[in-house]
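Novice: Note that the protein sequences, when read in sequence, are chains E and D. Residue 174 in the UniProt record's numbering sits at position 174 of the first sequence, with consecutive numbering throughout. Residue 146 in the UniProt record's numbering sits at position 146 of the second sequence, with consecutive numbering throughout.
FYI, nobody ran anything at the bench for these hints, they're computed from the structure. A portion of the hints provided could be inaccurate.
Same chains, same names: a pair is fine if it fits in one copy or spans any two.
[Claimed, not checked] Below, a list of computed lysine-lysine pairs in the DSS-like style, where the Cα atoms sit at most 30 Å apart:
1) LYS354 to LYS227
2) LYS256 to LYS282
3) LYS232 to LYS112
4) LYS112 to LYS227
5) LYS44 to LYS354
6) LYS232 to LYS290
7) LYS313 to LYS227
8) LYS93 to LYS227
9) LYS317 to LYS44
10) LYS317 to LYS285
11) LYS354 to LYS290
12) LYS313 to LYS93
13) LYS186 to LYS112
14) LYS44 to LYS93
15) LYS255 to LYS44
16) LYS313 to LYS256
17) LYS232 to LYS252
18) LYS112 to LYS256
19) LYS44 to LYS186
20) LYS354 to LYS186
21) LYS227 to LYS252
Protein chains: 2
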Amino acid sequence: MERVYNFAAGPSTMPVEALETAAREMLSFGESGMSVMEMSHRSKAYQEIFSETEALVRDLMHIPESYAVLFLQGGATGQFAAVAMNLLTGSGKADYVDTGVFAHNALVEAGKYGTARTVASSREEGYRRIPALSREMFDPEADYCYITTNNTIYGTRYSQIPDTGAVPLVADMSSNILSQPYDVEKFGAIFAGAQKNIGPAGFALVVVRRDLLGRQMACTPQILNWKLMDEKGSMLNTPPTYAIYMAGLCMKWLKKQGGVEGIYPVNCEKAQILYDYLDQSKLFKAVADKDSRSIMNVTFRTGNEDLDAEFVKAATKQGLVSLKGHRSTGGMRASIYNAMPIEGVRALRDFMNKFEMEH
Amino acid sequence: MERVYNFAAGPSTMPVEALETAAREMLSFGESGMSVMEMSHRSKAYQEIFSETEALVRDLMHIPESYAVLFLQGGATGQFAAVAMNLLTGSGKADYVDTGVFAHNALVEAGKYGTARTVASSREEGYRRIPALSREMFDPEADYCYITTNNTIYGTRYSQIPDTGAVPLVADMSSNILSQPYDVEKFGAIFAGAQKNIGPAGFALVVVRRDLLGRQMACTPQILNWKLMDEKGSMLNTPPTYAIYMAGLCMKWLKKQGGVEGIYPVNCEKAQILYDYLDQSKLFKAVADKDSRSIMNVTFRTGNEDLDAEFVKAATKQGLVSLKGHRSTGGMRASIYNAMPIEGVRALRDFMNKFEMEH
């Protein structure tokens, strides 16, 4: 079976090279005589895989030793609670920027554990843009300020990281981590579900400044306790061993592409191909405001729901799959994460053009 | 590379057939043109994989519709907190039987959320046996009573499920789920980390009586909220899609072995081969008391630490690997889960015999 171009928002397309290595090593990793899936997480062989993966994360994101790198189960949704449980213990107040359903869910979840305030929101505008922010808008007494750097469903991205002064900035980077360079030291904590640019679904990557550790609430479950997990090297209990191994294979591939600095211009070019086409199209329109456009998720529509559905169906037949927009927004969405080759993006653009000619 | 016999306690050996299928389908599952790892969890193709896996769990364990079947991230350790957060809201009291480090950890974790009492403990005896229990020992006002049906580290197993009257019985079955028939209706809730008899590490299977749902504490994180997860079909957020697919492949293999009823006599025979040898050996001694012996984890030692280490090393050279006991107990442990073929157990017995002759 020929592989398709898979524009799914996550879980999503992965580097073929990583999948080929996984297939080859499935019955025996190296000289071990067993699959990585079958290895004790305490074994020397697995410890090496794990350490190498952590080193790759540190290398690709330029993370200093003053930050912990954790691999935790429960996805980004688990971290919605964990952020509050681990940090909301000073003033008990946190500031959230509401730029989408996931940002909003994070705020609601934090509200279980303290006071989560909405600093700014684009909810009334269908989350089509990132609201303008200034330092004065943030509460200097807040335990943290929270943003979602890229909003998967709406196809928006912060073009600038807001200045929150001395208040630690926490960022959900689930849908654009490793896609562009970020200065980790601007953040108190970063987290991301793995299933977009990191690897397969099954864990969240957490990067947190170590001086922020140890503030957790008494009710924090052990598996969400950042301090404890840092002390245990993410192995308080059995980690999702295979998902972490796969993430390592994907990051090795990324390293070969020149790392985050190498892939960023490629990602920009991929996005530009689609936005350039959309901006001149008479049939398709880009959804996100120009200055808030994501380079990972490109949202667009015809304005006619039946025609949208016809397009998605026709594209699928051409091996351009999972282009249907999120069920809450309709329209189309092309998720073009790191592993989506530029050829896939060109094929989509060409097909959109052909479809436009015919309609 | 030839495959070894892997006696690791978890993650642990898996059916070769499941691994071969996974390798074959790695770059394209069926006609999908993508790996299962790359599939949206909302896609039709993945929904079918997921539904089939849940149906296999229900079929193999004979679970009625009055019980929810959940696939949750965070492993069994996550459920140590979840059990209390979801159930400890009536009298706020729970009864725990302390039969090992994991039972003890579960009790400590529950203590964050209410009063967790130790009903009985074999801690002082190095957890070599399951304490005798009677209905009178349990508090009839407790929200639940908690047991660990099989204790991985010590190689012990309950030969009988205790009678707790009307109080719901909660069981951690991490290391012997699917290895022998249990009457699910005797339990209020059952949970198990996946990485022994279910599939790869990365989730916990939770089976819970639906009339017990909806009692969770306000501080329960969404990802540990059983009621919410049941409503969302375990897909509140992205589940660990690939680990669930692999579990499905392993359960299909189990089904071919005649299901739990078919594998149980094989498991008994495998354990008997080792215990029969140990009971007549002059060099090796079984650790667990006879009436508490596990059929999944067989613990033994020579009484001489250096000799234990020599044995483990010599066995490894023969392709009999991961026989070292848990770091807290020393000695040896042979974990012989469903996927360990009887040939592997015989090879171990023969090697022990040879080693004994030479020492």
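Novice: State for each hint whether it applies.
Specialist: Hints versus structure:
In this homomeric assembly, LYS354 and LYS227 never come within 30 Å of each other (Cα to Cα): the closest approach is 54 Å inside a single copy and 48 Å across copies. For the identical chains of this complex, LYS256 and LYS282 are neighbours neither inside a copy (39 Å) nor across copies (57 Å), given an alpha-carbon limit of 30 Å. For a Cα distance limit of 30 Å, the shortest separation of LYS232 from LYS112 qualifies both inside one copy, at 27 Å, and across copies, at 20 Å. In this assembly of identical chains, the alpha carbons of LYS112 and LYS227 lie at most 30 Å apart whether taken from the same copy (21 Å) or from different copies (17 Å).
Taking identical chains as interchangeable, the C-alpha atoms of LYS44 and LYS354 lie at most 30 Å apart only when they sit on different chains, with a minimum of 27 Å there against 54 Å within one chain. For the homomeric pair LYS232 and LYS290, neither the shortest alpha-carbon distance inside one copy (44 Å) nor that between copies (35 Å) is at most 30 Å. Taking CA atoms no more than 30 Å apart as the test, LYS313 paired with LYS227 passes in neither setting, with 48 Å inside one copy and 36 Å between copies. Taking the shortest alpha-carbon separations for LYS93 and LYS227, both the intra-copy value of 21 Å and the inter-copy value of 28 Å come in at or below 30 Å.
Proximity of LYS317 to LYS44 under the C-alpha cut-off of 30 Å is restricted to the inter-copy arrangement: shortest distance 16 Å between copies versus 47 Å within a copy. Only within a single protomer do LYS317 and LYS285 lie at most 30 Å apart by alpha-carbon distance; the minimum there is 22 Å, versus 65 Å between protomers. Within a single copy, LYS354 and LYS290 get their C-alpha atoms as close as 24 Å, which meets the 30 Å cut-off; across copies the closest is 75 Å, which misses it. Proximity of LYS313 to LYS93 under the C-alpha cut-off of 30 Å is found in neither arrangement, the shortest distances being 47 Å within a copy and 56 Å between copies.
In the homo-oligomer, the alpha carbons of LYS186 and LYS112 lie at most 30 Å apart inside one protomer (27 Å), although the nearest pairing across protomers, at 34 Å, exceeds that limit. Taking the shortest alpha-carbon separations for LYS44 and LYS93, neither the intra-copy value of 44 Å nor the inter-copy value of 42 Å comes in at or below 30 Å. Proximity of LYS255 to LYS44 under the C-alpha cut-off of 30 Å is restricted to the intra-copy arrangement: shortest distance 24 Å within a copy versus 33 Å between copies. Taking the closest pair of Cα atoms, LYS313 and LYS256 never come within 30 Å of each other, the shortest separation being 35 Å inside a single copy and 38 Å across copies.
When the C-alpha separation of LYS232 and LYS252 is checked against a cutoff of 30 Å, the pair qualifies only within one copy, where the shortest distance is 25 Å, while the shortest distance between copies is 35 Å. Taking the closest pair of Cα atoms, LYS112 and LYS256 never come within 30 Å of each other, the shortest separation being 43 Å inside a single copy and 47 Å across copies. In this assembly of identical chains, the alpha carbons of LYS44 and LYS186 never lie at most 30 Å apart, being 35 Å within a copy and 41 Å across copies at closest. Taking CA atoms no more than 30 Å apart as the test, LYS354 paired with LYS186 passes in neither setting, with 44 Å inside one copy and 62 Å between copies.
Taking the closest pair of Cα atoms, LYS227 and LYS252 come within 30 Å of each other only inside a single copy of the chain (28 Å); across copies the shortest separation is 40 Å, beyond that limit.
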